[in-house]
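Trainee: In order, the protein sequence lines correspond to chains A and B. Heads up: the first sequence runs through residues 617 to 886, numbered per the working numbering. Heads up: the second sequence runs through residues 29 to 325, numbered per the working numbering.
Mixed in with the good hints there might be a few duds.
Interface residues of chain B toward chain A, partial, derived using beta-carbon atoms under 10 Å [stated by the list, open to error]: (1) Ala51; (2) Phe64; (3) Leu67; (4) Pro82; (5) Phe90; (6) Leu92; (7) Tyr95; (8) Leu98; (9) Leu117; (10) Leu120; (11) Leu140; (12) Leu142; (13) Leu154; (14) Leu155; (15) Tyr260.
Covered stretches of chain B, as calculated for chain A (at least 3 residues, CB under 8 Å) [unchecked claim]: (16) 99 to 109; (17) 145 to 151; (18) 208 to 220; (19) 233 to 243; (20) 278 to 288; (21) 291 to 301.
Now the stretches of chain A that chain B is said to cover, found in silico as 3 or more residues with beta-carbon under 8 Å [what the hints assert, rightly or not]: (22) 659 to 670; (23) 776 to 787; (24) 847 to 859.
No wet-lab data here; the hints were simulated from the structure. In this text, a Cβ means the ideal position worked out from N, Cα and C, and glycines have one as well.
Below are the chains, spelled out letter by letter.
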Amino acid sequence: MRAFVVAVFAFLYLPIALVVLFSFNAGHHASEFTGFSVQWYGKALANPFLVEALKNSLFIATTSALLAALCGTAAALGLARVGARTRAVFDALLGAAIVVPGVVIGISTLVALVQLFGVVNPFVASLWPNDQPPRLALGYGSIIAAHGLFSMALVAMIVGTRLGSLDRNLVEASSDLYATPLTTFRSIVLPQIMPAVIAGFLLAFTFSFDDFIVAFFVAGAQTTLPIYVFASIRRGVTPEINAIATIVLVASVLLVVLAQWQLRQRKPSH
Amino acid sequence: MSAGTGSVFSMRGNVLRHNLLTALLLGPATAWLVVFLVLPFVAITVFSVGERAPEGGYQAAFTLAQYANLPARATAFWNTMVLAPAGALACLLVAYPVAYYLALRAPQRWRLILLALVVIPFWTSLLMRTYAWMYVLGGRGIPALLAYVGIEDVRLINTPGAVLLGIVYGYLPLMILPIYVSLERLDRQLLEASADLGATPISTFLGVTLRLSLPGVMTGFSLVMILLLGEYLIPTLLGGGKVFFIGNALVDLFLQSRNWPFGSAIAITLVAVSVVVLLAANRISTRLSGARRVDLI
């Protein structure tokens with residue numbers, strides 16, 4: 617059984633290792649490693665389209681993860697204050713946001729937004745004083761909103777779990793000692809749920825940064841890094857893609873390790 | 029008297045403040061869920077009974093013609109309905125021994141590290157991980173190595189087998205995790221009791237371990253199966269246009285041929301199948317024992 621487990625771990629990590637190895641290849645070809653070089657990293661970072669896509673992805677991932685961490689945490693706190701029936705409705709909706717396949721989230725958001733813009737844009741134009749009214753269109757906003765949906769649900773779930781294991785005695789002791797609700801929240805609740813909030817933010821960032829399928833539908837004229845990489849892969853495999861893949865993999869691994877570490881920090885000891 | 033009315037007022041004020049704060053906390057999430065989950069779902073439901081406008085897009089109508097037309101994409105449905113369960117099953121067969129080892133056999137100090145090594149790939153880009161297999165299975169990967177030792181003309185990429193391999197690779201972590209959780213919570217005294225009562229290791233495994241881990245198996249199986257129903261990247265990159273899934277049909281209908289009503293009907297069908305899979309899995313695991321929460325991290 618141990619041999620089997622070792623084989624599975626090799627199966628999980630060898631292909632990734634190969635991609636990383638060949639990102640340092642001096643030659644053009646994947647079949648032979650002709651020497652060590654970082655030229656492909658230089659080429660990748662000198663490619664303006666790629667840098668643009670990378671910047672877009674960083675912006676979208678940061679914004680959607682921040683919004684998701686704020687709204688998701690607020691939702692988890694709010695859900696701790698409502699009755700069982702309201703809670704069940706929210707839990708079902710949040711569960712749906714996580715479980716519904718990305719491809720369905722992508723197309724339904726596309727359809728709804730295009731339809732909505734079709735109504736709003738002429739209306740705004742008819743009211744606008746000059747003939748250059750603002751037009752709503754697919755782009756940053758729609759990607760951030762669609763990514764934020766999944767991320768917010770994820771944060772609400774992680775923070776909700778942590779709230780459930782919160783030490784009630786501390787909260788009661790705090791209010792018995794005449795602390796205001798706000799003080800109790802700041803000094804008792806917030807420190808205990810903070811690791812979950814940070815972990816949620818990091819996972820939300822990773823999800824958004826890595827997502828291809830949702831952004832593919834709602835990106836409009838914008839390009840994110842996964843969309844750019846997908847398009848280049850279809851044109852052919854080059855070591856330049858290996859270099860990008862390596863950067864993305866290393867970044868996601870760091871973020872996930874950080875998130876796991878945060879979640880295991882300061883966990884209530886009982 | 030005045031103190032009494034004062035306290036009634038302040039109590040009412042407290043209730044009001046309590047409700048207002050709850051509303052403020054839940055407001056943004058509610059708006060988000062309504063605008064970007066409920067409304068879009070209503071939109072594709074309405075579209076699915078509509079007609080395609082001559083220039084593409086949607087034209088209002090009330091017809092079930094789109095649903096009647098589903099057999100036009102029978103190949104995509106067939107591929108998905110065969111490869112999604114097959115992929116989930118293959119994942120399960122690989123995942124179970126790993127989860128078993130991690131939960132019951134691995135040395136204590138290695139357990140968390142090994143578990144983290146399982147989880148990390150799940151949170152890294154599926155696109156990049158699938159690309160890694162394009163690299164390995166492609167002409168300059170394993171086939172080149174085989175040619176080197178004299179086995180010529182092996183074709184690995186763009187086959188159903190490559191898609192299946194990509195599926196197992198992509199979703200293995202998601203299958204290992206819930207099984208690990210259910211095995212890890214297993215009461216070890218039951219195993220000892222079973223052995224003390226003279227059961228062979230195999231009958232202990234079948235009668236106790238496997239049985240009690242079935243909720244985890246069902247959770248993993250249904251999660252992987254549902255994600256596979258909507259998969260697009262793996263069949264596109266490793267199936268090379270020969271093995272296409274429902275996801276590929278949806279991309280085609282929404283972004284290329286712009287037949288939105290037909291695409292919506294397919295999407296609704298996809299969601300319906302997912303719901304059936306989830307309900308069935310839930311039913312089975314609650315019947316076997318109490319359902320368990322599974323954290324994805």
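Trainee: Check the structure against each numbered hint from earlier and tell me which ones fail, lowest number first.
Mentor: Per hint list: 4, 5, 6, 7, 8, 9, 10, 16, 18, 19, 22, 23 violated.
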